[in-house]
Amino acid sequence: MPREVTGFSNTTVKRLRALRDKKARRAEGMFLAEGLRIMAEARDSGFLPEIIAFADEGAKHPLAAPIIAATEAAGGDAIHTSDDILTKMSGKDNAPLLIGAYRQPPTTLDRIDRRASDVWIVAQALRDPGNIGTILRTGDAVGAGGLILIDDCADPFSVEGVRASMGAIFTQAIAAAPWAEFLAWLRAGDGQLVGTSLTASDDYLAARYAKPCFLLIGNEQQGLPADYEADCDLLVKIPMAGRADSLNAAVAAAVMAFQVRASWR
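The working numbering puts the first residue of the sequence shown at 505, with every later residue one more than the last.
Rather than coming from a laboratory, the hints here were simulated on the basis of the structure. Quick reminder that beta carbons are idealized off the backbone N, C-alpha and C, glycines included. Heads up, some of the hints might be wrong.
[Stated by the list, open to error] Using 20 angstroms as the maximum straight-line C-alpha spacing, the simulated DMTMM-like pairs for lysine to aspartate or glutamate come out as follows:
#: 1; residue 1: Lys592; residue 2: Asp581
#: 2; residue 1: Lys596; residue 2: Asp525
#: 3; residue 1: Lys527; residue 2: Asp655
[Stated by the list, open to error] Pairwise CB distance ranges (calculated):
#: 4; residue 1: Pro729; residue 2: Ser513; range: 46 to 52 angstroms
#: 5; residue 1: Thr703; residue 2: Asp655; range: 18 to 24 angstroms
#: 6; residue 1: Asp617; residue 2: Thr516; range: 34 to 40 angstroms
Input sequences plus hints: build the corresponding full structure.
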């Protein structure tokens, strides 16, 4: 049976709220997911929270109740509380139906199986967790294997990143590594490294993409460093017809990923 929690000072309430902070996520090895859609996606992908919190509406909802029951059946901690406490834990103005704390998977390169997909997205030094979450969502939509984060990137398991992923945090493999480590790993097997650059001569629509294709997206402000571009097998550009000189990093990733898929049809 779910346990009743009515106080803001409850230890579990404090623990869940603390997971909004990167330091606490690292210490706990856990992250927060909020809302019915994301947590249903998690359940359908084989992931259940270790802690689930909900109020009256969540307990009665026909789609939320099975997630609560499955979490309890798997030995998770189910907490029935108030909307006010859910709001405090989530940090949003309106309380979500469900809040879950999930175990964070390892993010080492050895968990990436490049044979699992023909398309992978690689992001270098992205600072906006919303961009990372959106790229994960794009990866899911295009059937990519996952996202490899290079150098110092924002945390994909932040509340903002998880929210922007719309559940793709549970369907896409995620790894993180310094550039040299990633490049050594990539060159130890098959894979074409395709970078986007304003100085490239090849148009992204005319380029030939090989399988598996690793799409490299640079930092939101600086783009890719010159030596990283030099390590790519192919550099392409997305021509700009207006005054803007480039696309948002997440938008560029989407344009490239769908074009790679389209080129193989």
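Against the structure, the hints come out as follows:
Restraint check: the Cα-Cα separation between Lys592 and Asp581 comes to about 19 angstroms, which is no more than 20 angstroms; the hinted pair holds. With a C-alpha separation of about 15 angstroms, the suggested pair Lys596 and Asp525 falls inside the 20 angstroms cut-off, and the hint holds. Simply put, Lys527 and Asp655 have alpha-carbon atoms about 18 angstroms apart, close enough for the 20 angstroms limit, and the pair holds. Hint check: Pro729 to Ser513, Cβ distance near 48 angstroms, so the stated range 46 to 52 angstroms holds.
In this structure the supplied range 18 to 24 angstroms holds for Thr703 paired with Asp655, their Cβ-Cβ distance being about 21 angstroms. For Asp617 paired with Thr516, a C-beta distance near 36 angstroms keeps the hint of 34 to 40 angstroms intact.
Of the numbered hints listed earlier, not one is contradicted by the structure.
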